[in-house]
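Protein chains in written order, with my numbering: chain A, 1 to 132; chain B, 1 to 255.
Hint data in this document are derived by calculation from the structure and do not stem from the laboratory. Here the structure is a predicted model, which is why all the values come from computation and not from measurement. We put the beta carbon where it would ideally sit given N, CA and C, even for glycine. A hint or two may mislead.
What the hints assert, rightly or not - According to the in silico footprint, chain B covers these stretches of chain A (three or more CB under 8 Å from chain B):
| no. | stretch |
| --- | --- |
| 1 | 97-107 |
| 2 | 113-126 |
To be verified - To give a feel for the contact side, a few chain A residues facing chain B, derived at Cβ under 10 Å:
| no. | residue |
| --- | --- |
| 3 | Trp20 |
| 4 | Gln22 |
| 5 | Thr23 |
| 6 | Glu33 |
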Amino acid sequence: MSRFKPDLKTYTRPIPAGWWWQTPFLLRYMLREWSSLFVVAYALVLLSGVYSLSQGEASYDAWRGVIASPPLVVFHLIALLVLVYHSYTWFKVMPKTTPHIPIDPKVITYGGIAVVAFISVAAVAIVYWVMS
Amino acid sequence: MPFDPTTRTIEIECLRFNPETDTEPHLQTYKVPFHDDMSVLQGLQYIKDNLDGSLTFRWSCRMAICGSCGMMVNGVPQLSCHTFLRDYFPAKVSVAPLDHFPIIRDMAIDQSDFLNKLESVKPYIIPKHDKPIEDGAYRQTPKQMDQYYQYSQCINCLLCYAACPQYGLNPTFTGPAALALLHRYNADSRDVGWTARSELTNSDDGVWHCTLVGYCSEVCPKEVDPAHAINQNKVNSTMDYFGLLKLLMPKGATE
Numbered sequence: 001m002s003r004f005k006p007d008l009k010t011y012t013r014p015i016p017a018g019w020w021w022q023t024p025f026l027l028r029y030m031l032r033e034w035s036s037l038f039v040v041a042y043a044l045v046l047l048s049g050v051y052s053l054s055q056g057e058a059s060y061d062a063w064r065g066v067i068a069s070p071p072l073v074v075f076h077l078i079a080l081l082v083l084v085y086h087s088y089t090w091f092k093v094m095p096k097t098t099p100h101i102p103i104d105p106k107v108i109t110y111g112g113i114a115v116v117a118f119i120s121v122a123a124v125a126i127v128y129w130v131m132s
Numbered sequence: 001m002p003f004d005p006t007t008r009t010i011e012i013e014c015l016r017f018n019p020e021t022d023t024e025p026h027l028q029t030y031k032v033p034f035h036d037d038m039s040v041l042q043g044l045q046y047i048k049d050n051l052d053g054s055l056t057f058r059w060s061c062r063m064a065i066c067g068s069c070g071m072m073v074n075g076v077p078q079l080s081c082h083t084f085l086r087d088y089f090p091a092k093v094s095v096a097p098l099d100h101f102p103i104i105r106d107m108a109i110d111q112s113d114f115l116n117k118l119e120s121v122k123p124y125i126i127p128k129h130d131k132p133i134e135d136g137a138y139r140q141t142p143k144q145m146d147q148y149y150q151y152s153q154c155i156n157c158l159l160c161y162a163a164c165p166q167y168g169l170n171p172t173f174t175g176p177a178a179l180a181l182l183h184r185y186n187a188d189s190r191d192v193g194w195t196a197r198s199e200l201t202n203s204d205d206g207v208w209h210c211t212l213v214g215y216c217s218e219v220c221p222k223e224v225d226p227a228h229a230i231n232q233n234k235v236n237s238t239m240d241y242f243g244l245l246k247l248l249m250p251k252g253a254t255e
């Protein structure tokens, strides 16, 4: 109701169901939110691995057999891509959550991405080194 | 881009609504001659002066200071004085009133909801003690001023409300500009109003309905960055919940 004229006749437009689809910025936001579903799915796959490990060697080998199956390999490839995007968006919004500090937001975003990229590569390198 | 002195013709498609005759808005297209230095606002002024005097829109300063002429230009919240017809030519440009607000007539929207919310954040300095004028000004260092200056640049143009899907979907959400101004006062060293504003800040309709979409900061013509203001207060609100805020704030910063 209008503050100045209680009987003011106005028209309120409905929010279109595709509000997030029409603006690239909002589409990227929705993809960011949906990518968290893949983060949950991937975490559940990892947790099921930890659970099967606690059930003994046979159970763990069976789990390894399952995740080596083509559908789960495809799932992991998709999850990797989605998680890379999720990580990027996570660091992209990070400067909005910090206190008011005199640091260029890009330094926070790309600094965070660089640290994660370094840790990921280092982790893969260490696993590869231990395995060989 | 080099200046093009020729006059060309662009189509401007306006959303029209006349409360006296219409039950819902409709589109109307005008052919407008323009040259390179004409803004979308000047295009609308051409229509009003030469083609259709009934077209209604708000404007004042023509230089991105007053915040009156915000509109959806091709679906993006923009100050129409800050947006140029040459950037849309040869395609047509669509102009509509700011999203999420009731239309009074054509491009004029009813800002009542924002004004009520602006009032609700107590947008004024709440000092620790009243100080008589003869005691002089409240002193502040440049560093202290830097904490709130950016958020004080808001011109209440409402582009951020038109950009915010949370405000569109939950109209009770206090919204970007009002919450940015709430932070502008909370972050001021002369202000001790956190507690006076905390009931609103800590509520769902305060900072917690924000999901950090960030489009408000993207469309802001004054680089106020409302998303940053709101999300700093999610941290403050959490610390307030656990009773930590008063421990961490400078002495006397809350009351």
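Cross-check of the supplied hints:
Requiring three or more residues with a Cβ within less than 8 Å of a Cβ of chain B, the coverage given for the stretch 97-107 of chain A holds, as 5 such residues are present. Only residues whose beta carbon comes within less than 8 Å of a beta carbon in chain B count, and the stretch 113-126 of chain A has 0; fewer than three means the coverage is violated. The beta carbon of A:Trp20 is positioned within 10 Å of a beta carbon in chain B (closest approach about 7 Å), and the interface hint is therefore held. A least Cβ separation of about 6 Å between A:Gln22 and chain B falls short of the 10 Å threshold, and the interface hint therefore holds.
Proximity of A:Thr23 to chain B holds as hinted, the smallest CB-CB distance being about 7 Å (cut-off 10 Å). Because the beta carbon of A:Glu33 sits about 8 Å from the nearest beta carbon in chain B, less than 10 Å, this interface hint is met.
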